[in-house]
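Undergrad: First to last, the protein sequences are chains G and A.
Going letter by letter, the first sequence gives residues 521 to 752 in this note's numbering.
Going letter by letter, the second sequence gives residues 12 to 123 in this note's numbering.
If you're looking for bench data, these hints aren't it; they were derived computationally from the structure.
Since this is a predicted model, take the numbers as computed values, not measurements.
Hints may contain errors.
Said to hold, decoys possible - Result set (EDC-like, lysine to aspartate or glutamate): computed pairs, CA atoms no more than 16 Å apart in a straight line:
{"id": "1", "chain 1": "A", "residue 1": "K66", "chain 2": "G", "residue 2": "D677"}
{"id": "2", "chain 1": "A", "residue 1": "K86", "chain 2": "G", "residue 2": "E741"}
{"id": "3", "chain 1": "A", "residue 1": "K101", "chain 2": "A", "residue 2": "E31"}
{"id": "4", "chain 1": "G", "residue 1": "K537", "chain 2": "G", "residue 2": "D574"}
{"id": "5", "chain 1": "G", "residue 1": "K598", "chain 2": "A", "residue 2": "D70"}
{"id": "6", "chain 1": "A", "residue 1": "K66", "chain 2": "G", "residue 2": "E590"}
{"id": "7", "chain 1": "G", "residue 1": "K599", "chain 2": "G", "residue 2": "E741"}
{"id": "8", "chain 1": "A", "residue 1": "K86", "chain 2": "A", "residue 2": "E76"}
{"id": "9", "chain 1": "A", "residue 1": "K28", "chain 2": "A", "residue 2": "E92"}
{"id": "10", "chain 1": "A", "residue 1": "K66", "chain 2": "A", "residue 2": "E103"}
{"id": "11", "chain 1": "G", "residue 1": "K747", "chain 2": "A", "residue 2": "E76"}
{"id": "12", "chain 1": "A", "residue 1": "K79", "chain 2": "G", "residue 2": "E522"}
{"id": "13", "chain 1": "G", "residue 1": "K663", "chain 2": "G", "residue 2": "D677"}
{"id": "14", "chain 1": "G", "residue 1": "K599", "chain 2": "A", "residue 2": "D70"}
{"id": "15", "chain 1": "G", "residue 1": "K602", "chain 2": "A", "residue 2": "D70"}
{"id": "16", "chain 1": "G", "residue 1": "K594", "chain 2": "A", "residue 2": "E92"}
{"id": "17", "chain 1": "A", "residue 1": "K79", "chain 2": "G", "residue 2": "E745"}
{"id": "18", "chain 1": "A", "residue 1": "K46", "chain 2": "G", "residue 2": "D556"}
{"id": "19", "chain 1": "A", "residue 1": "K86", "chain 2": "G", "residue 2": "E745"}
Stated by the list, open to error - What the simulated footprint calls covered on chain G by chain A, stretch by stretch (three residues with Cβ under 8 Å from a Cβ of chain A suffice, anywhere in the stretch; the number is not a length):
{"id": "20", "segment": "576-588"}
{"id": "21", "segment": "736-747"}
Unchecked claim - Some chain G residues near chain A, calculated using beta-carbon distances under 7 Å:
{"id": "22", "residue": "E522"}
{"id": "23", "residue": "T525"}
{"id": "24", "residue": "I528"}
{"id": "25", "residue": "T547"}
{"id": "26", "residue": "E548"}
{"id": "27", "residue": "D551"}
{"id": "28", "residue": "A554"}
{"id": "29", "residue": "N555"}
{"id": "30", "residue": "S591"}
{"id": "31", "residue": "R592"}
{"id": "32", "residue": "Q595"}
{"id": "33", "residue": "K598"}
{"id": "34", "residue": "N601"}
Glycine residues also receive a C-beta, built at the ideal position from the N, C-alpha and C atoms.
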Amino acid sequence: MELSTEQIQELYIFTRKHYVEYYDVQTELVDHLANDIEQISEENPNLSFEQARDTSFKKFGVFGFMDIVESRQKQLGKKYNKILWSIMKEWFTIPKIMITASIFMFFYLLMSLNINIHYLSVLMLILAFIDIFLASKLSKKSKKRFKDNNKKYLLEDIIFKVSAFSSVIIFSNIFNLSAFLRYSESLYTKVFVASLITLAILYSYISLIVIPQKAEELLQETYPEYKFINNL
Amino acid sequence: MGNQKLYKGSLQTIILKLLETNDKMYGYEITQHVKELTKGELQITEGALYPALHKLEADGLLAVEVAKVGNRLRKYYKLTESGTKETANKLEEMQEFLKTMQHLVNPKFSME
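Using the sequences and the hints, build the whole thing.
TA: Next comes the structure, spelled out in structure tokens:
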């Protein structure tokens with residue numbers, strides 16, 4: 521007997537209760553459970569829907585859905601990094617490399633001028649604040665998206681939340697780096713610090729601005745169901 | 012039921028081979044198909060199947076399709092072009108492996 525629409529909805533709730541918060545992962549599990557429940561009920565017609573569901577869930581082992589969620593997180597995390605890396609590479613080819621080089625030269629020259637090292641720290645602090653501002657804006661946007669659709673896709677979460685936070689973490693560390701310059705003013709130190717700052721700026725710009733702008737396109741490409749679910 | 016551990020390393024090859032013969036399949040269908048083909052000897056666990064499918068998808072060997080079936084959504088997997096090539100490689104590797112094991116386990120029969 522085919523499960524009713526209400527029972528399918530119940531299965532979505534069931535997966536959510538078992539720590540699967542992403543709609544894309546839920547959908548695959550719901551279909552699997554539904555098929556199995558139908559099969560179990562056919563073999564044992566006396567079992568209730570809940571009993572058949574629990575029998576099916578047991579097959580997932582003691583960790584339940586956790587392994588599956590983790591593997592999906594790992595794979596989509598990799599996908600995200602690939603996207604980030606391919607955009608990052610553009611900044612090291614003509615014409616964008618001119619901008620990258622200018623950012624690098626700006627910081628390198630700033631360090632070479634005989635100015636108080638605190639100015640650099642202040643500049644880093646300002647950049648860190650801009651980063652936090654952009655990250656919190658993204659996180660708010662992600663909450664609003666969830667409220668509007670009531671569905672959260674794993675890749676969407678990575679784009680809007682996870683990456684934003686890693687950018688903030690990188691920047692707070694770069695801020696500490698400028699202290700490094702107090703101990704050494706060699707050419708290598710300056711080149712090293714200026715390169716790291718340049719990379720951090722690029723990373724932040726890409727993860728906080730470029731990729732979120734492409735979010736819809738990336739989600740449609742990853743999830744064939746994305747388009748027609750949102751049009752339902 | 013045989014020793015499931017022995018099958019573990021071959022899961023990806025099994026999935027690829029199934030998809031080569033069946034065009035497109037969904038997760039539950041794969042578990043049932045394997046059970047049927049091996050007469051219950053091999054039962055792919057849910058906790059192993061989906062991570063393997065997700066990995067193959069991430070590696071670009073499988074593509075996904077989603078269709079509405081009745082009142083629910085179903086995710087189908089099928090081979091990509093590079094998936095088809097990789098299936099041939101993996102099957103060849105598997106043949107080699109079986110041959111080597113045969114030599115090791117049963118040296119008498121492998122004298123050529």
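Undergrad: Which hint numbers does the structure go against, in order from smallest to largest?
TA: 1, 10, 16, 34
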